[in-house]
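Model the full assembly from the supplied sequences, consistent with the hints where possible.
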Amino acid sequence: MTLHEIGQLLGCGENGDMREIHGMNTLRDASSKEISFLSDSRYEKELINTKASAVILPASKAHLLPEGVIALVSEEPYMAVAVLSKYFTKPIQSSTKAPIIGEGTQIYPTAHVENGASIGKNCTIMSGVYIGAESVIGDDVILYPNVVVYRDCVIGNRVVVHSGSVIGSDGFGYAHTKTGEHVKLYQNGNVVIEDDVEIGANTTVDCAVFGSTFIKRGTKIDNLVQIGHNCVVGEHSIMVSQSGLAGSTTLGRNVVMGGQSATAGHLSIAPFTTLAARSGVTKSITQKGVYSGFPLMEHKLWLKMQAKLAKILES
Amino acid sequence: MTLHEIGQLLGCGENGDMREIHGMNTLRDASSKEISFLSDSRYEKELINTKASAVILPASKAHLLPEGVIALVSEEPYMAVAVLSKYFTKPIQSSTKAPIIGEGTQIYPTAHVENGASIGKNCTIMSGVYIGAESVIGDDVILYPNVVVYRDCVIGNRVVVHSGSVIGSDGFGYAHTKTGEHVKLYQNGNVVIEDDVEIGANTTVDCAVFGSTFIKRGTKIDNLVQIGHNCVVGEHSIMVSQSGLAGSTTLGRNVVMGGQSATAGHLSIAPFTTLAARSGVTKSITQKGVYSGFPLMEHKLWLKMQAKLAKILES
Amino acid sequence: MTLHEIGQLLGCGENGDMREIHGMNTLRDASSKEISFLSDSRYEKELINTKASAVILPASKAHLLPEGVIALVSEEPYMAVAVLSKYFTKPIQSSTKAPIIGEGTQIYPTAHVENGASIGKNCTIMSGVYIGAESVIGDDVILYPNVVVYRDCVIGNRVVVHSGSVIGSDGFGYAHTKTGEHVKLYQNGNVVIEDDVEIGANTTVDCAVFGSTFIKRGTKIDNLVQIGHNCVVGEHSIMVSQSGLAGSTTLGRNVVMGGQSATAGHLSIAPFTTLAARSGVTKSITQKGVYSGFPLMEHKLWLKMQAKLAKILES
Chain A
481 MTLHEIGQLL GCGENGDMRE IHGMNTLRDA SSKEISFLSD SRYEKELINT
531 KASAVILPAS KAHLLPEGVI ALVSEEPYMA VAVLSKYFTK PIQSSTKAPI
581 IGEGTQIYPT AHVENGASIG KNCTIMSGVY IGAESVIGDD VILYPNVVVY
631 RDCVIGNRVV VHSGSVIGSD GFGYAHTKTG EHVKLYQNGN VVIEDDVEIG
681 ANTTVDCAVF GSTFIKRGTK IDNLVQIGHN CVVGEHSIMV SQSGLAGSTT
731 LGRNVVMGGQ SATAGHLSIA PFTTLAARSG VTKSITQKGV YSGFPLMEHK
781 LWLKMQAKLA KILES
Chain B
481 MTLHEIGQLL GCGENGDMRE IHGMNTLRDA SSKEISFLSD SRYEKELINT
531 KASAVILPAS KAHLLPEGVI ALVSEEPYMA VAVLSKYFTK PIQSSTKAPI
581 IGEGTQIYPT AHVENGASIG KNCTIMSGVY IGAESVIGDD VILYPNVVVY
631 RDCVIGNRVV VHSGSVIGSD GFGYAHTKTG EHVKLYQNGN VVIEDDVEIG
681 ANTTVDCAVF GSTFIKRGTK IDNLVQIGHN CVVGEHSIMV SQSGLAGSTT
731 LGRNVVMGGQ SATAGHLSIA PFTTLAARSG VTKSITQKGV YSGFPLMEHK
781 LWLKMQAKLA KILES
Chain C
481 MTLHEIGQLL GCGENGDMRE IHGMNTLRDA SSKEISFLSD SRYEKELINT
531 KASAVILPAS KAHLLPEGVI ALVSEEPYMA VAVLSKYFTK PIQSSTKAPI
581 IGEGTQIYPT AHVENGASIG KNCTIMSGVY IGAESVIGDD VILYPNVVVY
631 RDCVIGNRVV VHSGSVIGSD GFGYAHTKTG EHVKLYQNGN VVIEDDVEIG
681 ANTTVDCAVF GSTFIKRGTK IDNLVQIGHN CVVGEHSIMV SQSGLAGSTT
731 LGRNVVMGGQ SATAGHLSIA PFTTLAARSG VTKSITQKGV YSGFPLMEHK
781 LWLKMQAKLA KILES
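Those sequence lines, one after another, are chains A, B and C. Heads up: the first sequence runs through residues 481 to 795, numbered per my numbering. Heads up: the second sequence runs through residues 481 to 795, numbered per my numbering. Heads up: the third sequence runs through residues 481 to 795, numbered per my numbering.
Hints listed in this document are in silico derivations from the structure and should not be mistaken for laboratory results. Mixed in with the good hints there might be a few duds.
Just so you know, same-sequence chains aren't split out, so a pair can sit in one copy or run between any two.
[Unchecked claim] Below, simulated BS3-like cross-link-like pairs (lysine-lysine); rule was C-alpha separation at most 30 Å, straight line:
id	residue 1	residue 2
1	Lys566	Lys664
2	Lys531	Lys513
3	Lys768	Lys531
4	Lys664	Lys531
5	Lys791	Lys541
6	Lys513	Lys541
7	Lys601	Lys664
8	Lys541	Lys601
9	Lys791	Lys601
10	Lys525	Lys768
11	Lys791	Lys780
12	Lys784	Lys601
13	Lys784	Lys763
14	Lys601	Lys566
15	Lys664	Lys768
Set out below in structure tokens:
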């Protein structure tokens, strides 16, 4: 697809640029063969350094682009990105290369490994497991029955994933029309799970829109946990059952999330923070500590609040 | 099973009516070959118009039946329905007709499609998927690995269901004996998913007791969401991860349910309502707006409440 | 592995005892061929009666051991147990005995039954189901598509498990190093599900560390429920969707847990207790009743509290 064709598709007018575009990416990560976008003014300062060949953005921001980068002007850039994302999404199957299977790896007969995938040594890939195209699995990995790994994911060494968990399903992202319909933002990123991570049963980890959702080294995740697209879960963190992370939230190392706790999206949680069971986080946490409640507060304050409420109840 | 036999089974006495009964249904939807029931006085006004051949109901309501409709008198009608439901439940396999598969549809070798099912054109039915008897799948549908569709379900065109989600599992319904045992109400309905719906990973949508659970056109549902039996999710609604709907609740069009929010059963939520993350709905909502908290209140009031509580904490 | 080797492995010094040890267990349940431990002073009183050959415990408690029981002294006994648990964990496959399948049982071709498992009469084991080594399934059981039963589990008669549910996945247990890494406590127990239990879709029931997680007779569990390791769910209990039990909690008979409710670990809930939707239990409940809220209180008090809060809001 050429830049010219993209301009026409998005109704941004004729630009006559016949360069072939290979993909979409963020302002920060786009290469000169990719197209990028500005749909959230928080990222405006990244315009100046982008290496993208073209950027979808509102007219009022076009003057901020570096020389040579083409402006694809749209007053609804997020919708334009959604519309375009469909053209760059990768198919479920895209390789004719038989999967590479390491020595000592056992694959049950009802597991399905797509072409282009690669599995390391001494793994156990149990019945009903699915491993998507171009995924890379390390050594000594156990995928229990019916685990699903979508395409392009990367799983480190000694990772264990329990039954029914889904790694790399599409993030939940849509642009909305004025009449209330939802246009899918195709998710072109992946999930990267580092060494020594263990994931419980029926947990879901969504792939990134662009780039990667990360589960870092040594982290342990319980059953029925939700991790949204583009999250980063720091090293040696703990997520207890039924907790959830909305998209693009970053946990520092050794964060503990209690059962049924959750965070909003686009937050950053300081390393060594503990979030009590049921806590709900709506703002970033910069100071490590123990937090409770919804709205969230320091656990000490939450206890004080409960004591005050108990008095009100008696009054 | 004749009406006479049903009367005997339920201990309602001899009625001598040898008509063959083919099923059970609600007062509103029962045909003259079906039996119905009154177990909840809210539905009393539907007695007068029922076309059922017979109705299970308490003695005190028998006089409300239209002429020609037989009363099967029971002081525990819900228990009688549960006992009887077992006799009308459909078996897992019930057809010898090979499934119909549309042109251009790819079915992975470990997928299992029951006899009597029908799949449209250009679908992708991935590994480990199960499609139950008499289910009807539209065109251009993607069922990711290990999706399960129980029998009799209907899935529209361009629907996408991510890995591990379960469509049409039994609703959670039991009658309770006086000694505390639970008697299963067999779920004889289905799930209908309309066009352009997308459902995330490891989500569950229960089938209806009678009739259908509906997910209407264009609705998008995230991971780990629960939708109870007989719910109706309106067009272009959004349900974020870990949210839940108890049985028989209806969402209007373009309702947004935030993460971990939930509703009780038998409610009706006005179109264009937004329920904030973690909100819990226990009464029907007739006015669109943004609501928060548990108990639920307008979001503006919830913010005011939090400000008041913060002051109490400081005092 | 001899006691001598274990002592060396754990850095407890040389004990020269060449007895072969076959496993690990709790103080109460350990046999003379097993090793036990004291990592929680609540169990101190069980030292005197233990039949274990040796006990891992702090120096200060060693004098409490019965004569003949060897002390393996460790100031971090829980970490020592975690380190040792790896050596006693059972492999995924451990039998060459073909599974025993009862008369009238139907097993779909893509189901996988490990050697050493046994399935009773008239069961339906659907597509994608996995049944682990040495598991024992009763008569008239239905396992819907993609249910997973880990090794050593026991499932009674007339049990129904809906699609995607996972029985016997590893409990969430780790010892923590001083530098914040997590050392897995291998889970060597199982899950026992008694007769007439029904479990919904995508629910998870973890196996016990030692001994069994129990779901007792007649209990009904909805979709997306979490049951932690070593829990006991009493007879005829009800757990509604998205509720959760942390590890080692015991529900008495006929407990009802509403949607999204949860308990902390190591609690005991009185028979016939009802926990309202969203309630969160952090202390044991000794008096049956209806409870709500988080922190939990009697439902009557919770209603009063909401009335008081409403007044504050108006003020």
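Hints versus structure:
1. Lys566 x Lys664: within (8 Å within a copy, 42 Å between copies)
2. Lys531 x Lys513: within (9 Å within a copy, 67 Å between copies)
3. Lys768 x Lys531: neither (36 Å within a copy, 45 Å between copies)
4. Lys664 x Lys531: within (26 Å within a copy, 45 Å between copies)
5. Lys791 x Lys541: neither (55 Å within a copy, 43 Å between copies)
6. Lys513 x Lys541: within (22 Å within a copy, 68 Å between copies)
7. Lys601 x Lys664: between (38 Å within a copy, 22 Å between copies)
8. Lys541 x Lys601: Answer is neither: 51 Å inside a copy and 44 Å across each miss the 30 Å cutoff.
9. Lys791 x Lys601: neither (62 Å within a copy, 60 Å between copies)
10. Lys525 x Lys768: within (29 Å within a copy, 38 Å between copies)
11. Lys791 x Lys780: Classified as both; 17 Å inside a copy, 16 Å across copies.
12. Lys784 x Lys601: Neither: 54 Å inside a chain and 58 Å across chains, both beyond 30 Å.
13. Lys784 x Lys763: both (21 Å within a copy, 18 Å between copies)
14. Lys601 x Lys566: between (36 Å within a copy, 20 Å between copies)
15. Lys664 x Lys768: between (37 Å within a copy, 25 Å between copies)
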